[in-house]
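Enquirer: Sequence:
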Amino acid sequence: MTSIVPVRWRARMRSLIAAAVLAIAALLAAASPASAHATLLFASPGIDSAVPTAPAAILLVFDNPVTAGNSAITLVDANGAEIRLGVPQLESRSTTLRAATTSHLRPGAYTVDWVVTAGDGDTMQGQYHFAIGTTAGLGAPSVQATAGAAPTGLLRWLLFAGLALSLGGLVGARLARQTRPNTGAAAAGDPEPALTAGAALSSIAALGILLAVVGNGSLTGGLDNLSPSMSTGPGLLAVAELVAGVLSLICFRLRLRLAGATGLVAVTIAEGLRAHPHTEWPFWGAALVTIHLLVAAVWIGALVHVLRVARSRHRQGVGTAGLVRRYARMAAWLLAAVVATGILNGLAVAPLRLLADTLTHTSYGHWLDVKLGLVLAAVSCAAVARWRLLARPTGRQPSQAARVEAMALVAVLGVSAALTVSAPPADPNAPLPFAPPANGPVFSAGTRAGWVGIGVSASEGQLLVRLTAPELAGDGDTSSDYGLNGNLTTAGESRKVTFRGCGTGCFVAPATWARGMDTVTLHADHSGDLAGGTAAVAIAWPPRPATAVLQKIVAAMRDVSQLEVHERVTSDANNQPVAPTLLHLSGREFINSDPYSSGRATTTSLVNQSGDQTTISLGYSGDQTYVLLTADAAGRLVHEILTGPNHLVERTFVYPEAGAD
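Counted the way mature numbering (1 follows the signal peptide of the UniProt record, and there is no 0) counts, the sequence shown spans residues -38 to -1, 1 to 623.
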């Protein structure tokens, strides 16, 4: 067919296309780091929790970076009135979203609504409840979903369908050319592949996806938010898809098929960079998704075009067995590639140890089940069509089974689109990238197991443990790998604690505390030459602030003119106790050398009051220092155990002027 473009313009057009391709490549390179789905891990105040006092801010912690607008967090009271918050701020590499409470919050129940954009371009929204000073009226449990999942899923279905029509149509047209009769009307009567229609469909879908990305799941909202949001990772990917789709449409209109196909390949690359497997397997995950989409598009689109050509040739009285046979041979290889890449993509998102639970207990797994069933149906139809081709080579081809196969494959595209907007399964025991925030008041305590220092922070429903070990001279950093297991004893009943990593030496586990004294028994290991061991920590629940007691101790010690301190220091709790060192000094001199000399601590908790003695526990989580203090009725120290990152210090106090210890 004669080109509709003058020759002198074709060279200029190629130059423009080359420049556009470079621009798309630059967009993809800039957008590639942002490719992760986001899940809300923690919140402060805690989800469905009650806090004694009004929080200074609403804090949301996600497992992957997010972007957020000025209305990312909304706070509503029990009467439905919206509470004004400060402008949300992203922290900790865009994984933490904080909005200050600019007005005093009264006791009662509150609802937090949030909406953010994940790195994969999906807009995530959710809701949870908390209460101040009460546990009544918390409402429904917290929820999380993809905002605009239905329209976004439909748009991706149209995008995939457009890729299939164009890319598969090109391959199907090549098969048709290879099986045309040398002469006759059939050569001129074969339908053209739907290249322009496919590229137009992909471009329209890409525009809708861009609007959904920048509009927090709303197509109409995207029209008002284009400028500030297109520079984000998801926005750049959506822009790259749109530019590549429009470029392909122009090229197909100008009969530049290779350039048009290149643009659609760029669209599949953008989808690969956005997809879930890229999060788990950087580069390889994106490559697998890209190959999976390309192969599936060719398989489906080529079949659709073969059916169109066969129908046309039947009308002309021309046989189609050769065309169907050639497609069947190619489809067998395409099927193998689709299955192989699909399995690998699935394993990237849902590892084998989670596969059974994923397929049976998650919405993502249910969509995978449907996709698997549709693929099996398509394969069965293909097998029937292949058998009919072999059994009746002179009969009408392709058979009805091939048409059913095509419909099943189109449905597979729809399910694939649904998977892209479904949250992938999360491993409940997978390591966290950082320590979770505490839920409400915290009780902190420390001890030492062999060479390993242990810091414990207990809050509502949660046990957080931090381990440290000394750095030995000449050995470099020896605190890079720890192991931890333990048991929690409450109300006389002991049960195993399942820990989850949250960074180097950091472990977190769910915990249900009983009122009174609970005991956490921990066994800590270290990968280096520093032996660990077993230790126990007592938790006084619920936490009762002891700031006033601490200030009384500090004031009383400053008034002591002279005392004896019997001090014993060790780094390895497994060794036999060393002989104590006797120190003579004033109370002021002693108190000025301790971390609580200011009368303040990160956490202060009352442990016990018995007779004329009071025991409190202090925590300095930033310094990994924990102190257990016992004082007499006058506030003078009787005993102290200080656990630091590298040492355990035990002190007993004697007051000569009173003749007591």
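Quick caveat, the hints were computed from the structure, so don't treat them as lab data. Please read all numbers here as calculations on a predicted model, not as lab measurements. Take these hints with a grain of salt, some might be off.
[What the hints assert, rightly or not] Quick list of the computed label-pair ranges, beta carbon to beta carbon:
1. Val301 with His66: 28 to 38 Å
2. Arg462 with Glu53: 19 to 29 Å
3. Ala596 with Asp443: 42 to 52 Å
4. Thr460 with His66: 54 to 64 Å
5. His66 with Leu547: 43 to 53 Å
6. Ala299 with Gly584: 45 to 55 Å
7. Asn391 with Thr532: 52 to 62 Å
8. His328 with Val301: 13 to 23 Å
9. Leu338 with Glu44: 45 to 55 Å
Even glycine gets a Cβ: it sits at the ideal position worked out from N, Cα and C.
Enquirer: So, against the hints stated earlier in the document, which numbers end up violated here?
Expert: 1, 4, 7
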